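Student: Heads up: the protein sequence lines correspond to chains A and B, in order.
Taking the numbering used here, I'd label the letters of the first sequence as residues 1 to 375.
Taking the numbering used here, I'd label the letters of the second sequence as residues 1 to 1084.
None of these hints come from the bench; they were simulated from the model.
Please read all numbers here as calculations on a predicted model, not as lab measurements.
Just so it is clear, CB atoms sit at the ideal spot from N, CA and C, and this is done for glycine as well.
Watch out, some of these pointers could steer you wrong.
Said to hold, decoys possible - To give a feel for the contact side, a few chain A residues facing chain B, derived at Cβ under 8 angstroms:
#1 D69
#2 G73
#3 R83
#4 E84
#5 S117
#6 K251
#7 G252
#8 K299
Claimed, not checked - The calculated EDC-like cross-link candidates involving lysine to aspartate or glutamate, where the alpha carbons are at most 16 angstroms apart (straight line), are:
#9 K153(B) x D118(B)
#10 K3(A) x E1081(B)
#11 K760(B) x E628(B)
#12 K299(A) x D344(B)
#13 K280(A) x E321(A)
#14 K1005(B) x D1015(B)
#15 K299(A) x E345(B)
#16 K3(A) x D18(A)
#17 K353(B) x D329(A)
#18 K299(A) x D223(B)
#19 K251(A) x D294(A)
#20 K3(B) x E37(B)
#21 K1077(B) x D1058(B)
#22 K1004(B) x D1041(B)
#23 K416(B) x D223(B)
#24 K6(B) x D59(B)
#25 K6(B) x E36(B)
#26 K282(A) x E36(B)
Here are the chains, one letter per residue:
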Amino acid sequence: MSKRATLILEDGTVYRGDSFGSERTTLGEVVFDTAMTGYQEMLTDPSFAGQILLFTYPMIGNYGISEADFESGHIQVRGIAVREYCHRPSNLHSVQTLDNYLRDSNIPGISGIDTRSLTRHIRSRGAMMGILSTEMRDEDALERLKACPRYSDTDLVYEVSTEQMYQWPAVGDRQTDASAGIKHVSYNIVVVDLGLKYNIVRILSRLGCRITVVPYTTSLNDILALHPDGVVLSPGPGNPSLLGDVVDVVKGLIGTKIPLMGICLGHLLIGKASGTEIFKLKFGHHGGNHPVRDLATNKVYITVQNHGYAIDDSTLQGGFEVSQINLNDGTVEGICHPDLPVISIQYHPEASPGPWDSSYLFDRFLAMVGKSTDA
Amino acid sequence: MHKPSKVLVIGSGPIVIGQAAEFDYSGTQACRALREEGIITVLVNSNPATIMTDEGVADIVYVEPLTVGVLTRVIEREHPDGLLPTLGGQTGLNLAVDLADAGTLDRYGVRLLGTSLDTIKKAEERSLFKKLLTDIGEPVPQGTTVRSVAEAKECVNSIGLPLIVRPSYTLGGTGGGIAWTEADLENISSYGLKISPSHEILIEQCLLGWKEIEYEVMRDARDNCITICNMENIDPMGVHTGDSIVVAPSQTLSDRENQMLRSASLRIIRALGIEGGCNIQFALTPSPIVAGTWAPDQGKLGSSQYYVIEVNPRVSRSSALASKATGYPIARVAAKIAIGRTLDEIPNKITGKTLASFEPALDYCVVKIPRWPFDKFAMGDRGLGSQMKATGEVMAIDRSFEPALQKAVRSLEFGKRTLLWEDPAWGKGAQHGLPFLQSNDLRVWAIMASLRREEDPDKVSQLTGIDPWFIYKFQNIVDMEKRLLSEPLEPDILWEAKRLGFSDEQIATLADRLPEQVRIIRHEWHLHPVYKMVDTCAAEFDAETPYFYSTYETENEALPLDGEKAVVLGSGPIRIGQGIEFDYCCVHSAWALQEVGMKSILINSNPETVSTDFDTSDRLYFEALDEESVRDILENEGSDAASSIVQFGGQTAINLAQPLDVNNLSILGSAAEAIDIAEDRQRFEDFLAELDIPQPPGAGVFSVPEAIDVAQSLGYPVLVRPSYVLGGRSMEIVHSDDELTRYLTLALELDSHHPVLVDKYIQGKEVEVDAICDGENVLIPGVMEHIERAGVHSGDSIAVYPGVNLSESEVNTIVGYTTRIGLALGARGLLNIQLVILSKSGSSSIYVLEVNPRASRTVPFISKVTGLPVVNIATKVMAGMTLQEQGYSGGLWKRRGLVGIKAPVFSMSKLTGVDNYLGPEMKSTGEVMGVDHNFEAALTKALLAAGLMLPSKGSLLLSIADRDKDESISLIKELYSLQYGFYATEGTAAMIKSMGFPVKMVTKKLDEGHPNVVDVIYDGSVDGVINTVTGGRIPLKDGFDIRRAAAEEQIPCFTSLDTVRVVVSAISGSGGKFSVKPLREYLR
């Protein structure tokens, strides 16, 4: 019989289930994601740093853990909550169980809880902090939960960004080794790591880019010293308001007219740099099925989303315009500028997990880079 | 693109294997979706038991045969400017192609909507399809299209055995097969070439054992594409997807594999240019454990490889399943796209907040299990392969796989068979090896039995090709069985068992309790199921869909509905004897409840139906129709607050009357008491005796001598049947002591505790009546006469309304009996009575055979031909409105100037090993209706629609039993005068020769020279078969080969001279000059 675990929310709601993964206590913002496949990619996505991830899909662990599907060097979530953990996975590519992987990474999980009721709770009350524990008494856990730093007050990018600048491919990423058929374009792209997902650089690399990943604290001058043909601002976790210094760098980058691509957190920073307001969504967008309309073409794309904040379109400034919107709630999914080489989108064209429909945005970005280098 | 103003929708015709109720669901959704847009819809379908053919669904309804000729006449009359080809199954699609090829569409300016002719051909014609896929870089299995057996054989060298053979343009894989040897290849190819309308077959690399994955994809004219859901076939490649157990969404695919196939799906739908929905099937590299045995080369590769297997460029059985599995109304959206709407313009009716351009997120697991007919056809070949054999399917939803599987098994309604069931023949010893685990309808139980006997799950996976993930889940169920056998029943283990989907009955068996005791302790320990919503979005948005499934969790989302309400119990999976007719009734009942201001709650387990559409009732519970599920739901709704309606869901629902009654749960309509009188042999006899209404004499017996005594006093032939139905055996007509002894010996061997009933077999005219009784009056919509004399199951007979050979006094007597029975029974609602008329020298005696206090199979037919909304009236009676209050009085409803004929449709070509002679056991899977102003025209249409019509000239093979020879003489004369040529077996040939007609004699014995009976069928010498049989030996070896050959060649085969007689009258009469008119014009 497995050990029991308890998940307590800051409003005092308690869920009891079975422990899997590491047996310990963890705290984080509880968010749900509606994707039906891709738990490994989600666990290792730095944008989930500081969060306890609740999977709405009830059976997790089915196909184990593969060598090829890591999105960063380690697990980024603080803990996970599932309806049913699959003890005996089956897949051609599976090298270990999810339970093993969590244990090795010291990350706890809770299974057997009514995840749908928890999802409905968060949907109606909004995202909130939670504590997952196999060892603490409820009162103590709640006490500790109340005392812990809030998600929105924590500089999570600090926790996930690389400390050192490096050239991609990173050592040990299996996918890049397999990226045959690279086009011979060879642009020089600098990626500012705010919580980089490997698949962004895998795709750019496959498209023929030379990639330098730099820490989020890198100054404008240091970036320009790398002579980038284009700059990518990566996705990342947490509250964009805590990243004032980076916003200043982005302002500078916009001024240089070097082609700039902002994804998710990167997109929010482009917004902030242009003076636009950001607000926190009630429970965020987390899933692989969000319809987004491109206002220029009127086409609709199914996109992968993972964000808790969004741009307030009524405050757009500096000539920026809304380029894409979410069809579910009308929120801004992309902004553009008539005169500036900027692609700025709220969702994840790199997918992983989720639909690959938006990868064309990387081609569009490189076309922009190509035009700018020709000029 | 401009929006069309009037659109022709072609339905799918009768229910056959491969094409079931799902197309009523899709056609109904499509018609409604188009009408919302202000488009006039013209619907043509020959199947009366469909909601789509009712007033109020389409604007103009034609119930006419689905032929190019008829459709051309409809087009000439209606001048539609659009034709929707993709919602009427393969039938609708093929007809649309035929109409286009014939130039009819161009001539009348009818545009194909949604999907172009070019696209249809690219998807359907193997060679074009392969070229298209190769052009866009999608991998396809090696293969080639051939037009001869010789070409087929070349593939043995070029591709290698085993090979898969698929004929072009056929339903449910008809005529396909897997060739393991060159001889197999020869046989399957020659058959496939023959039955393919284009005489083409595809020979393909065999991917047996690979994972089979399907995607449902939608695309609009603006090139927006989405996938609705993916599905994983538990049975790997090799078993037809219609015969596979399917789970949604996929369970063993990583995101990378899922997105690889999803992206391929989008590329394919774009390349085909489909505007609407399509279904794409892929084969994917199996798990290493499976690959070891089944795909050794793949196992070495170590990477996921896929092949595109098939695309259905239309709404399909899988899309119906995907719709019900996700809540996304695929047919509705496909229809809107076909007229030019884009996905982002169509609201998602489920959430009311989002749009159709999103992909459903599931937070549950769905399992579909096919419903096979082998409980009826014990002699049939149970093996599953590329030929689909299931008549229907069930679906179950739960939060994880094990309970979804277990609920689905309960939903199959094989008696009370749960996963605990084992074939007694399996014995107690070890059960290992492939023969035991081969793919057939019992494999699920065989896997369980193997695991119970400690077989290694990985070994089971290797043997079956089923991914180990699923076998491990089966193992979890077996582990719990073992715990329940050994551990004390305590709250924790009971909770865990319920979470794994164990029914109270299973737990009772394992923990040595009674089911009711388990229920009681469950209540004591507060272990109730809760109900969760199917909302398309995994709870991300606040949806208002009234679509629920049970699960053992903490939060209940289905709070009791407010106000007056009633529960309509559905009819479960489509099977022989219980078809779409009952779903038709349930839907109308739910609507009628709403008309009288009551909330309607539906319970059903069948994903193919209109009743399980989320907007048919006020609330839908997608659940098994067994006592436990229904009582749980009633308790959830507040037992005192909701009554149940058991009259419309066929035997499934009526069987629940007793348990509901015993537990003081109220029933709306006729009381359980009335049902019991009708079903209990002794009570029924007493009841009729009291009313002084005659029934055939007979008695229940327990021994052979007793039986012979009874039979001799009654006089042969007698009808024998067990009073308690046993697996696979039922009624038989016996003509001698010998036959009776044989039957009795077998029956008593199987069960000596219940009597065998021996009744006088009255070979008279069989008549059937449907009636509505409110306790004061009995309204009789109509009296139907059966063409085949008593002894042929009423579901397999041709029925005529109004009875054309009934005298006024006979009709009056029937009306009188019906009225007296209805009132004396205290019936409230519907009543069906079967009678037999024996005419002797001018006077006739009428006997009552059966009374069913419920809706019968003929209700949709009688509703259509009388214009009376029978179910609606009956439901309102049950809700408390008298007939008078509804504006009706008692007695026989005035007939209109029409004749309606219902003819049965069989799926025999798909069921090898099954005998297709007509007898007391029902065999048909569907029905069609012919309606016109006179008998011959209506008959011609019914025969045409049912595929029973003989060509106007040609040759017939006759093999007639001695008993029927005299009677056949006049028919043979008529056939001769119609210039048919004759082939006949020895005795019959001698008779024909003695009549002075030319005849070619063929031998019955297959091993005694050629041509024999089967040769002349297979080589196309004959166009039809007349074969009557002597006696009731099972199986009827006599003539079996003739009948099977006819079934496989799909030529008419008549086993009753009554049928032949009407066919002859249709051919010789003026039937060819039938009208083609909207149904309502016949009713004027």
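Student: Please go over all the hints and tell whether each is borne out by the structure.
Tutor: Hints, one by one, checked against the model:
1. About 6 angstroms separates the beta-carbon of D69(A) from the nearest beta-carbon of chain B, less than 8 angstroms, and the hint is met.
2. Below 8 angstroms, beta-carbon pairs count as interface contacts, and G73(A) has none with chain B, the closest being about 19 angstroms; its hint is therefore violated.
3. Evaluation of the R83(A) hint against chain B yields a held restraint, the C-beta minimum of about 6 angstroms falling below 8 angstroms.
4. A cut of 8 angstroms between beta carbons decides the hint on E84(A): the least distance to chain B is about 5 angstroms, and the hint holds.
5. The restraint placing S117(A) at the interface with chain B holds, with a minimum CB-CB distance near 4 angstroms, inside the 8 angstroms limit.
6. A hinted interface residue such as K251(A) counts as satisfied when its beta carbon comes closer than 8 angstroms to some beta carbon of chain B; here the least separation is about 35 angstroms, so the hint is violated.
7. Nearest Cβ of chain B to the Cβ of G252(A): about 37 angstroms, over the 8 angstroms cut. The hint is violated.
8. Given the 8 angstroms rule on beta carbons, the hint for K299(A) holds: about 6 angstroms separates it from the nearest Cβ of chain B.
9. Taken as a hint, the K153(B) and D118(B) pair is broken in the structure, with Cα atoms around 31 angstroms apart against an allowance of 16 angstroms.
10. Simply put, K3(A) and E1081(B) have alpha-carbon atoms about 72 angstroms apart, too far for the 16 angstroms limit, and the pair is violated.
11. Our distance criterion of 16 angstroms between C-alpha atoms is broken by K760(B) and E628(B), whose separation comes to about 40 angstroms.
12. A hinted pair counts as satisfied when its Cα atoms are at most 16 angstroms apart, and K299(A) with D344(B) qualifies at roughly 9 angstroms.
13. A hinted pair counts as satisfied when its Cα atoms are at most 16 angstroms apart, and K280(A) with E321(A) does not qualify at roughly 20 angstroms.
14. Straight-line distance between C-alpha atoms of K1005(B) and D1015(B) comes to about 11 angstroms, which keeps the hinted pair within the 16 angstroms bound.
15. Our distance criterion of 16 angstroms between C-alpha atoms is met by K299(A) and E345(B), whose separation comes to about 12 angstroms.
16. Restraint check for K3(A) and D18(A): the C-alpha separation of about 6 angstroms stays at or below 16 angstroms, so the hint holds.
17. Of the supplied pair hints, the one linking K353(B) and D329(A) holds, its CA atoms being roughly 9 angstroms apart against a limit of 16 angstroms.
18. Straight-line distance between C-alpha atoms of K299(A) and D223(B) comes to about 8 angstroms, which keeps the hinted pair within the 16 angstroms bound.
19. About 25 angstroms separates the Cα atoms of K251(A) and D294(A), which puts this hinted pair outside 16 angstroms; it is violated.
20. Proposed proximity of K3(B) and E37(B) is supported: the alpha carbons are some 9 angstroms apart, at most 16 angstroms.
21. For the suggested pair K1077(B) and D1058(B), the alpha carbons sit about 29 angstroms apart, so the restraint of at most 16 angstroms is broken.
22. A hinted pair counts as satisfied when its Cα atoms are at most 16 angstroms apart, and K1004(B) with D1041(B) qualifies at roughly 9 angstroms.
23. Among the hinted pairs, K416(B) with D223(B) is inconsistent with the structure: their alpha-carbon atoms are about 49 angstroms apart, more than 16 angstroms.
24. A distance of roughly 10 angstroms separates the Cα atoms of K6(B) and D59(B); the hinted pair therefore holds under the 16 angstroms criterion.
25. A distance of roughly 13 angstroms separates the Cα atoms of K6(B) and E36(B); the hinted pair therefore holds under the 16 angstroms criterion.
26. For the hint linking K282(A) to E36(B), the alpha-carbon distance of about 35 angstroms lies beyond 16 angstroms, and the restraint is violated.
Violation of the numbered hints given earlier is confined to hints 2, 6, 7, 9, 10, 11, 13, 19, 21, 23, 26; the remaining hints are satisfied by the structure.
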